[in-house]
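Now for the letters of each chain:
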Amino acid sequence: MTRTPRLHIPHPPARPGADPDFSYVTRVPAGSVPRPDPHTRLRDLPNELIYDIVRVLDDEGTAVGPWDPGLDPDELQFGLRHMLETRAFDDHMLRMHRQGKISFYMKSRGEEAVAVAAAMALKPSDMLFPSYRVQGLQIARGRSLVDLMNQCLSNSRDMCKGRQMPIMYHWKRGNIFSISGNLTTQYPQAVGWAMAAAIKGEDDIAAAWIGEGSSAEADFHHAMTFASVYRAPVILNIVNNQYAISTFQGTAGGEHRPFAARGPGYGIPGIRVDGNDFPAVYAVTQWAAERARSGTGPTLIELVTYRVDAHSTSDDPSRYRPKNEADAWPYGDPVERLKTHLIRFGQWSETRHAALVEELKAQVERDWAEACSYGTMTAPPFLDKNELFEDVYADMPPHLIAQKKQMRALEED
Amino acid sequence: MTRTPRLHIPHPPARPGADPDFSYVTRVPAGSVPRPDPHTRLRDLPNELIYDIVRVLDDEGTAVGPWDPGLDPDELQFGLRHMLETRAFDDHMLRMHRQGKISFYMKSRGEEAVAVAAAMALKPSDMLFPSYRVQGLQIARGRSLVDLMNQCLSNSRDMCKGRQMPIMYHWKRGNIFSISGNLTTQYPQAVGWAMAAAIKGEDDIAAAWIGEGSSAEADFHHAMTFASVYRAPVILNIVNNQYAISTFQGTAGGEHRPFAARGPGYGIPGIRVDGNDFPAVYAVTQWAAERARSGTGPTLIELVTYRVDAHSTSDDPSRYRPKNEADAWPYGDPVERLKTHLIRFGQWSETRHAALVEELKAQVERDWAEACSYGTMTAPPFLDKNELFEDVYADMPPHLIAQKKQMRALEED
Amino acid sequence: MPRMNMVQAINSAMDIMLDRDPNVICIGQDIGYFGGVFRCTDGLQRKYGEHRVIDAPIAEGGIIGSAIGMGVNGLRPVAEIQFADYIYPGCDQIISELARLRYRTAGDFFAPVTIRTPCGGGIRGGQTHSQSPEGIFTHLCGVKVVMPSNPYDAKGLLIAAIEDDDPVIFFEPKRIYNGPFDGDPDKPAVPWNTHPHSEVPAEYYTLPIGRAEIVRPGEDVTVLCYGTMVHVCQAAADFAEVDAEIIDLRTLSPLDVTTIRQSVEKTGRCVAVHEATRFSGYGAELAATVQEECFYSLEAPILRVTGWDTPYPHAFEWDYFPGKRRVAKALEQVLEMS
Amino acid sequence: MPRMNMVQAINSAMDIMLDRDPNVICIGQDIGYFGGVFRCTDGLQRKYGEHRVIDAPIAEGGIIGSAIGMGVNGLRPVAEIQFADYIYPGCDQIISELARLRYRTAGDFFAPVTIRTPCGGGIRGGQTHSQSPEGIFTHLCGVKVVMPSNPYDAKGLLIAAIEDDDPVIFFEPKRIYNGPFDGDPDKPAVPWNTHPHSEVPAEYYTLPIGRAEIVRPGEDVTVLCYGTMVHVCQAAADFAEVDAEIIDLRTLSPLDVTTIRQSVEKTGRCVAVHEATRFSGYGAELAATVQEECFYSLEAPILRVTGWDTPYPHAFEWDYFPGKRRVAKALEQVLEMS
Ligand SMILES: Cc1ncc(C[n+]2csc(CCOP(=O)(O)OP(=O)(O)O)c2C)c(N)n1
Ligand SMILES: Cc1ncc(C[n+]2csc(CCOP(=O)(O)OP(=O)(O)O)c2C)c(N)n1
Ligand SMILES: [Mg+2]
Ligand SMILES: [Mg+2]
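Residue numbers (my numbering), protein chains in the order written: chain A, 1026 to 1438; chain B, 1026 to 1438; chain C, 555 to 892; chain D, 555 to 892.
Honestly, the hints are just simulated from the structure, not real lab data. A few of these clues could be false.
Said to hold, decoys possible - For lysine-lysine, the following DSSO-like pairs were computed, each having C-alpha atoms within a straight-line distance of at most 27 Å:
1) C:Lys883 / A:Lys1429
2) C:Lys601 / C:Lys741
3) A:Lys1410 / C:Lys601
4) D:Lys883 / B:Lys1126
5) D:Lys883 / B:Lys1430
These numbers come from a predicted model, not from an experiment.
Just need the whole structure built from these sequences, with the hints factored in.
Written out as structure tokens, the structure is:
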């Protein structure tokens, strides 16, 4: 006797109107996951790395367990500052979008630690292949917000020369690759970059970020296969913020196993980490970087977090999830948690925090004013229209020269 | 201090001139792997399913252990016959290629059990999505060799009407899908077919085959993701015959972990089976079919075998592997092993075997003669050339009607 | 008759087909519970169930590959690719499989899949939300390519596509989802209900695939266009005060050569217009066909007005977009030539 | 000067570049130890090491994606796609990434990747080993598309492609790897060493990308062709006894319009020939361009001789292949017209 099969459809834990339900999120006490030597062979790594969650900050804000990276107060304050700067930047840019000043924006609220801590754990010469939701990488690497704003404004100083939508930054000097609108394409590119480093005998490594939804794309598989086969010095990060646009992580295949579990099947260690736990993200990235840099091989990191705000300025999450879901997220907020930790150890205070928030707000506004002075969507200085035809090829071929002329002729009409 | 990384390049166990070395092949005694209930949840399945190898026939030819499917002598003889028929067919067709009678061929020598046993373990109404190297599926489902030969000859009775290279069969009535020249495309198609069965509440299942080399293609990942997310009633088989064309399985990512290990990361059970062990292949397929049919979900099966002959008639394996490597394959030959088993239990004899080989040889020759009577590459009856323009669309659009006329006009010139 | 915009008309087509034929299913990213990022599938999952309006993983190749398998198993899948810019990961399944399955199996297997996908620019989408890749797909034999320009056509053609036993790639010009657009971004947006073709029957009807429509008869020059450009070309003809015969191709492949030939034989001049890049774009096929078919009627070269041969730049959207003035200029030029 | 066939010439180009530039690497399926299924990389791994001539997994998307990353990190990867029919799984990386990277980063990042891939039919390869998908790639801005027709050009153009800072898709017409082929399968195979362009310098040289070559001057009709068809067209002109000016385009994108224009202005007639399917194929661009550029010189419509708009059928290879007689017929037709 067989039962009649029916198509299984994964269901999110809660829909609008229902109470948030994060009972599916693995909860383990901070400090409980062992930290193997980074040179350990895959087969000797403990399963807890995947099925539990690496956490360092406990509920009281104490850093505990073997993964505590033992960061100096300076470093932690640096991290906190850059998370707050990211948040201030995001908030400002969303406002600017609401005011019609930029055409599009994507925030990373709640996911700041994922980017900022990782950037700090890597060397400045390591090459980063970001998704669109890790703006903290740029900020932690010291990028001026004015540069980012210029891009969002497509103004005269836009590093993309107006060719990309807002947030699709790149930073050649800062070793941050260009963000693509096409999901996951950066993953095999990062692996290729890392392969090239290995071919050349250089010891820089590559790191790439995608969302959990993006892990369903072909390029995830390409990247994992090539990273495994050539033991490429690369860190492959999956930021599992529970949602793609409207679909929850189960639609991407996260219903049965953590995304980190994809790793071992390819011969690549997987680690799951609390993405809202700054020291934990730092420690796990550091561990993976050590593996990569020493030639031990690639690592797949799943960063468990929650997308607090809308997917983008084109999205309305109240259509598909409970309004108060963010508040129920069991791992809290990365900024609050690091702040509590610092305060607990006398390295920070509410006053300093409030002052920093104010300082950053003012800085963002100053930066915005400066960026606008390089042009906005409606006010000069504008980019030169003729730029439209540059950089398609290294040298402009005859048909583009002709088209450029044609455009100019039209304007003179 | 970090070591200078270098690109890791996987190396095959032996190159031409060296001694074959199959020390990397996991060897476990027959009967040692437990057989869990097919409805067991993934998390409760034992690791041995992946890291050991399901084997039933021991070195003496006795069927042992929990996976022994307990097939009747009739069934085993049926299996043996069809494996031998496959082999006779392959041998004949290779000869015909050497004689210039067909333009291309691909043998499955050494891999006959993979196809024949699986076909027998499935229901005739289950839909099969083959690769090019599982011709045993067709034969075990009772297909006339004449039909297959007609296709290889592109003759007047070719089911493809001359449109595909030899061996790219399909069999609508027999529920065997069309073979594509593009690797792995059938994998997500099989999943979609199975999803449709589930949507319609029908209890037929789908099964698909690819080679281990093909598992690197994007469609592997697509198939695994969709099968997992929708719990599709499908069996996904990877035939690991150690080689793609010239590259060994390590180049496809098999160096560190069995291909079966890819399953669990997606939430899909993986099983590794001795592909040259007829009852073992049968048992594992039956187990996976039961899972699929009952709605428990998909299974990834890795069939460990060895490609004894060249990749295709365009290949020369002596360029990349030791000449005598096949003889060193630790799992023997599927035909010999089943034969030994049957003889051991008094259900077969050398004489009957020799007679069957002769009978099949004669039958293949008769079939060939019949097929040739429907036309060959050089002798009529030929397919009608006008067929060239049919079936591009359901109805021929005007531009194809015009092109057809143009072709005819040219001929009449 | 009810008034619909393009989104509603497309939604209505799927609604009707899901209702009429239990084998019709929809699959795509965010199309189910959410109703689609452009809301084309709004309400359909609630009405027909999660098994028939299916939220898919972000894997275009998987969506198309599985849709082919479903099609082979008797369903009529309508797959949505969220933006045409994201169709490329599905290219192998489209080109190597979907387009060729019937041929390679001599008709024994086929997959009647419809692929819906929003295309075109003008929504500040930058280079990855503005593409018009239709030209690539018209080069494939075995798939049909359709692009409607208004709600009435969209519904009738989408139903026809879903019922078609051949695979159809159905491009939806997203700039005109909510209203016709004549190419001038500075004018206030016009809603569809001011346009005659927003009168859309609530019930089932089809329009034939493979048939172009003369949307404005004229004597002096034939304008070949489709999608958003149909509206731009009309505005351009008005602006240039040219008596243009404007043909909305509606189906790009197979092409309705008869309608085109008759028109160009009459007018003796032709301009082909599209938003996609020019080189090896669909306009090339139009020009090649027209000069083959009507050479002796032609009084001037066939001109092409297209997007420039660059990606679609965010900041220079309106310099890129082949708007009214660019089309008008070509109309004037082609009339001056002889 | 040494004589080489196409395979040797291509091998020599890579050999020289691997030697001259430590940043050049090769990656592809079976290209390393084995030397490639067509033997184009024979001996290169032995000479330059496993880190520079790399056997890849069977994942075209991975090959191109990783090659882009390598290119960004300063290497000059030469990626082989085993058959052009198998390039589609790499389409997204080619179209969305490789072609656009320089543009979207305003020149800050680029990937100088060369993609080599054998194309075309006539080897009994059936529908999945015979395709000519070049038309699709010519529609992309940001990649160059090259197809040589003889050993001398193959080597000079491949070296130029590898040195080019833009990505180049380098199509190799496999039917002429071992000898020129005039389209008649019944004639005995001719080896390259009877052909003047098999004289190939052993050392480094380049030919400019973007430049066509007049392989036979003539007065009555211009024939535009490339790859295998260059040989077929020459045979067809002989057969039809037509004084054709035959232009081997060599680079399909960017196109050498000047050479074409000058020729058609002289001859007044034009035939475009390729093996790929016709509808929206590259011949459409040629026809469109020629009539735009030379309308007033044209005395007859531009004809296209191409593969039929069907997949390439195994059994009817020679009915499908646009051979000598089909080209000859078009030459006669275009001369009769006026
Ligand atoms: C190839 C491709 N398909 C679809 C999209 C449309 N899209 C943009 S973002 C997104 C969701 C991505 O979700 P996830 O990877 O989880 O990242 P998150 O937004 O959560 O950070 C989708 C479907 C795209 N940009 N590219
Ligand atoms: C998409 C694609 N890429 C490359 C090829 C060329 N090719 C044909 S068979 C083959 C090797 C496949 O190896 P495997 O999957 O292990 O199957 P096996 O031949 O061993 O049965 C290759 C590379 C192809 N047919 N399709
Ligand atoms: Mg997400
Ligand atoms: Mg194999």
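Going through the hints against the structure:
| no. | hint | in the structure |
| --- | --- | --- |
| 1 | C:Lys883 / A:Lys1429 | 16 Å, holds |
| 2 | C:Lys601 / C:Lys741 | 38 Å, violated |
| 3 | A:Lys1410 / C:Lys601 | 49 Å, violated |
| 4 | D:Lys883 / B:Lys1126 | 33 Å, violated |
| 5 | D:Lys883 / B:Lys1430 | 14 Å, holds |
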